[in-house]
Every structure is written in structure tokens, then in C-alpha cells.
Amino acid sequence: MLGLNKKDTSLLLIVVVLTLFAPFILNPFPEGSAMAQFNAGYPDLMQRFVIFGIFAIGFNILFGLTGYLSFGHAAFLGIGSYGAVWMFKILGMNVLPAIVLAVIVAGLFAVVIGYVSLRRSGIYFSILTLAFAQMMFALAYSVLTPITGGETGLQLTLNDPRILGASQTAGGNIPVPSLFGMEMRSSTDLEIAGWVFTFNVGYYFSALIMILAFYLSIRIFRSPFGMMLRAIKSNQNRLSYTGLNPRPYTLAAFVISGMYAGLAGGLMASMDPLAGAERMQWTASGEVVLMTILGGTGTLIGPVLGAGFIKYFENIFSKINDNILHQWFAFLPDGLEDFVVFIIHPFIGKGWHLTLGILFMLVVIFLPGGLVEGGQRIRKAIKGKKADDTETAKTEPAE
Amino acid sequence: MSILEVKDVGKRFGGLQALSDVNLSVKENSVHAIIGPNGAGKSTLLNCLVGKLIPDTGSVMFDGQSVLGRSPYEINQMGISRVFQTPEIFGELSVMENMMIPCFAKRDGAFRMHAIENMMDEKDIVERAEHMLEEMNMADKRDMHAAAMSRGDKRRLEIGMCLAQEPRLLLLDEPTAGMARADTNNTIDLLKQISDERDITIAIIEHDMHVVFSLANRITVLAQGTPLVEDDPENIRGNPKVREAYLGETA
Chain H
37 MLGLNKKDTS LLLIVVVLTL FAPFILNPFP EGSAMAQFNA GYPDLMQRFV
87 IFGIFAIGFN ILFGLTGYLS FGHAAFLGIG SYGAVWMFKI LGMNVLPAIV
137 LAVIVAGLFA VVIGYVSLRR SGIYFSILTL AFAQMMFALA YSVLTPITGG
187 ETGLQLTLND PRILGASQTA GGNIPVPSLF GMEMRSSTDL EIAGWVFTFN
237 VGYYFSALIM ILAFYLSIRI FRSPFGMMLR AIKSNQNRLS YTGLNPRPYT
287 LAAFVISGMY AGLAGGLMAS MDPLAGAERM QWTASGEVVL MTILGGTGTL
337 IGPVLGAGFI KYFENIFSKI NDNILHQWFA FLPDGLEDFV VFIIHPFIGK
387 GWHLTLGILF MLVVIFLPGG LVEGGQRIRK AIKGKKADDT ETAKTEPAE
Chain U
179 MSILEVKDVG KRFGGLQALS DVNLSVKENS VHAIIGPNGA GKSTLLNCLV
229 GKLIPDTGSV MFDGQSVLGR SPYEINQMGI SRVFQTPEIF GELSVMENMM
279 IPCFAKRDGA FRMHAIENMM DEKDIVERAE HMLEEMNMAD KRDMHAAAMS
329 RGDKRRLEIG MCLAQEPRLL LLDEPTAGMA RADTNNTIDL LKQISDERDI
379 TIAIIEHDMH VVFSLANRIT VLAQGTPLVE DDPENIRGNP KVREAYLGET
429 A
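Top line first, the protein sequences correspond to chains H and U. Per the working numbering, residue 37 is the first one in the first sequence, and the count goes up by one each step. Per the working numbering, residue 179 is the first one in the second sequence, and the count goes up by one each step.
If we strip away everything but chain H, and leave its shape as in the complex, we get (with noise of 0.2 Å):
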């Protein structure tokens, strides 16, 4: 189906079906009942789980097949917000221009600094991404301010041209990114016995780009450009050797996946009509290689897994605090239920990058493919007990 082979089809359903029934399968518990500080089925959550989900499957093009590590990607994503943002001011508030804009500044952006970073392989690509990334940071931070908002950031206001659209709404209020009238906020509930779903227009929106997204990168990992990507992973000097020139190859890649990044900070601003330079911060740019190997660096869908996971824990441990542990922990004796809670404290609240670094640190260690090798070694065990009976079986009669 679609150009693709039964399995990446599957997948490809797997993940169509995942996102587009996220709001039931995030809110597996009941509103009001005490686990339901768990639940992530909320607009804003589940946009940033696509949205980063469509940052990461874009930086997985690059590191995953070409094994170049970039430390500058989040560069991409704040220009992607910037563009889009400032289509805002000056176009209207329709977010496909804005997206379409946030591609392709991310896109030149990309071939200006691919084109210098490329030069260099291991370390040194990284480290000069790196530098470029900062560099951009400090521009839009300071130098730039008139273009960037400097520290505020560059948020909409009433004065805004909006050539197409309306400066104002006819309230007096900043009017609020939509696609063709249906505004990008704009939410439904369902509700259903003690349980509420939540169907966001926004999330929606991000959600099928991202399904194009991740169809996109199945395209291109099974292309004989994708081969070319992971030969250069695998040996760059025979691939030298047998006529290929490297370089427009990882130019390529970095560019495909600097748009990627681009399209994402473009979805964050329409989610979100304001950017920030600090969205282009190193932080950032580490945080979507954290995303990519906790996956599953390589695999199709380790990115989007790991993008969801982390931000699941940002948002999710960072809201615990003492109060809800002494909550759950009110069954103890007193002394040992603050004993319990002084233990566990450091790791919830705004202690919940500890907890993250350690899930990180046993996967690389434990699982180094990712949260995909985990799924596959489960898979493994299951489904190797079941070969074994049925070859004992087979066998046996010929004996």
C-alpha cells in the first residue's frame, strides 16, 4: 500500500492509529480519580508530543542513517518559529503559509550551515553545528532584536499589518492562528462516564503532518538515497571508492532534516503564536538527541517513541510535588511516610531530569537500540517459546 511493504504498511498504521486515537489511549484514567495526574490526553501535551515527534523522525534522517551527530538542531526549530510568526504579523493568521515559510527559511538556513559543518566529520561536525547553533542564539537573543523580540521573544500584537486578515479581532483582541476559520485552539469534550476526552483542532492538525512526516521518512529510508545515507554511515572510504562523492549526499540529509526542524518550530508557533530564542538553546538541540537514541537511533519509529516518552516525563513528574506524595503515602506511619517521600523527592518536581538521566543511562547501557530493542527483545521472548514448541513439533514425527 502507499509504495510501501507489509511491514513498514503496519507501521505506518500502527502510528496513524496511535495518533489519531491519542486522546482515548492518554486518558486511560477517570477525571477526578487520584491516577489522573497521569493522564497526558490534554491539547497541549499531546500537540508537543507530535510536534517533537516530527523534530526527532527529522533528526533521525540525518543521525540515524548518515551517523552525523548534530548538537545544533534546535537552531532549525527556532527559525522554523520565527518564520512563522512572522508570517503571522505580516500575512494573517492562516498557518499554512506559516508553515510553508517555516520550511523553507529552516531549509536555506540548513544548506548555509550543512555546507560549512559538513567539512568535517565525527566531533568536529558536531562541534561546529554546535557553534553555529549558539551563534544563531545569540543573535536572535541580542543582536537581532528587532527581528527576533531579543529576550521577550517575538510575540503578535494589534498594530500587526496582517495583509490578509484583520489586525484585530472585531472584539479588539489579536485575532488566533487557524486553518481556513477553524482556530488551532479550539477544543471539543467528550465526555463519558467520570472519563473527558479532549479532541483539539491544533492537535489534530500537527498529528496528520506528522503521519505525512513519519510516511515521508519511510519513503526515504527505503530509497536508494536512504541506502547511500547508510553507507556513509558504514564506510565512507568504499563509498568514496566506488564513485559516489559523500558530500551532496549528507548535504542532502542535513537540509531534509533541518525542514523537518523546521516544520516543527512552524507547528509550535501555530499551536502557540509567540518565539523565543531560548527554543534555539543547546539544551534543546541535546534534548532531541536524547529523544532519538532513548527510541532507538536508525528505526523508523524509535524517534517518535522517544519524543513521546520524554516529554510524557516533563510534563508528567515535573507536576508531583511533596503534597501528592504525602497523599499517596498517607497510609504509612507518619515517620516513615516522610522518610519515603524525602527519598523520592528528589526525583519528581522540578528533580524529574534526574529521574530521566537515569531511564537514559539504563537504556543506553542496557538497551542500546532504544525503546525499540526492548519492544523487539519482548517480542523475542514471546514469540521464541512459541517457534521453539512448533519446530519440537515439527520435528518430532520425522523422528
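Since the hints were derived computationally from the structure, they do not count as laboratory data. The structure presented is a predicted model; accordingly, all values stated were derived computationally and were not measured. Don't take every hint at face value.
[Claimed, not checked] Covered stretches of chain U (chain H as the covering partner; in silico rule of three or more C-beta atoms under 8 Å from a C-beta of chain H):
1. 217 to 224
2. 231 to 239
[Said to hold, decoys possible] Only some residues are given here: those of chain U computed to face chain H with a beta carbon under 8 Å:
3. Glu270
4. Met274
5. Phe282
6. Ala288
7. Ala293
8. Asn296
9. Leu341
10. Gln343
11. Ala401
From the three backbone atoms N, C-alpha and C, an ideal C-beta is built for every residue, glycine too.
Dock chain U against the given chain H, drawing on the hints supplied.
Just chain U now, with coordinates in the frame of chain H:
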């Protein structure tokens, strides 16, 4: 007619004159061996031919065109393929994919952006790669990880990948180094068969005299960066200069 002309090539690394006044002419469809003791400059010379090094002086002409200053991939596209001392293949890719890459390079040149097509839909490439695998007797290893194969098979695959490009000149850098006797003999047979059946010139750098004398029909002896003699194998065998270069003056 000579296909490769090396004229007055010299190369210096700091205080070491690795090559000086190297003149060499490889005839079309011959098997030309370059031998010499350790440090004679064989590998330096080879690297000058494939674009890895640029000689300080002299010229290298392949089929009437200079190769100097060109990148390895450009020289390869001119028709020179190289087999390395330790087999250089794409270890993480399948054997079939390894074979498809040179087929793509042959058809599409140094770069082509075909990012949406499925590679298995490229019927001519798939057919050609499968044909080459069969010719190399590796059809049964089609879906194996290339890194998982034995050294002899890796060497076979590497030679097959070079042949898939239909090069006019095949350069081999000690193709049997570190191989067991049986594997060495298999490689000799394979190279013999290649040179008999194909319209191809082979230049081989080798330590192992057994390999050299089984294959070559022309031999250049290199010593201390300069060619000592260039002659037919029969004459090389008895040449006192060659014995001296290999065994030292006292011999």
C-alpha cells in the same frame, strides 16, 4: 597500448623521499604486479594513482587523461576501481545492498537524489546486482549482513563490487594479505578467471611471490621509492638485482 602511464612521479613526506622518478606503464588487458620489500613505496604509489595522495612531481595519466588533483570518486568514475588490503565493504548493510551500491554508481554517477522511489523497484539495478552475486557464487548470502561473512567472502564481495562497475583498471593492494593458503588460492583462481574472461587490466601490489608469479605477466620491482626493473616474470625470477633488493647485499 598502455592504459596507465606514470611519469617521473616523486613524493616526499617530511624528510623521507617515499617515491622518486617512478616511471611505470601498464599495458591494456595485462596483469601487472608491483612488488618490492617493505617500505619500497608500493602503497604510496597506489595512493597516488587513486587520488588519495597527490605526488609532488610527475604525472599520472589514465587512458590519456590526468588523474592528478581529482577526488577518489572522480577517478573511480573514470574507470579505476580499487580493492583494499583489508576488505572495505559496507559491513552494516546486506550483501545485496553492498552489490547494489556500485550498480547505482555506475548508472547514476556520483550523486543522484532518488529519495522517494523504493530501491527494490529499480529493476535493472536489482537484476544486475543479483547477476553479479551469482557470478561471485554468493547468491545464497544475498540477505546476510556483510560484516558477518568470513574474510575470504568479504574479499570476494569487494572484488565483485568493483567488477560491478565494469572498471577498465582494477587495482589490488595485497589482496591475499593475512589469508589462509586455501583462501589465497581461491583468490588467485578468481583473479585469473577475471582477467581471462573480462576486458580488464589488473594492477596488483603483492608481497606473496606465489601470488605474483601465478598471476602476473609483467612485473615492476620497486626498491627505496624507485623502480629497479620492469620485466616479464621469467626474467625477474633470476635477476640478481631483485634478489639483492629483497635479501640484502650479503645474500
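**OP:** Hints the structure violates: just list their numbers, smallest first.
**Re:** Violated: hints 1, 2, 4, 9, 11.
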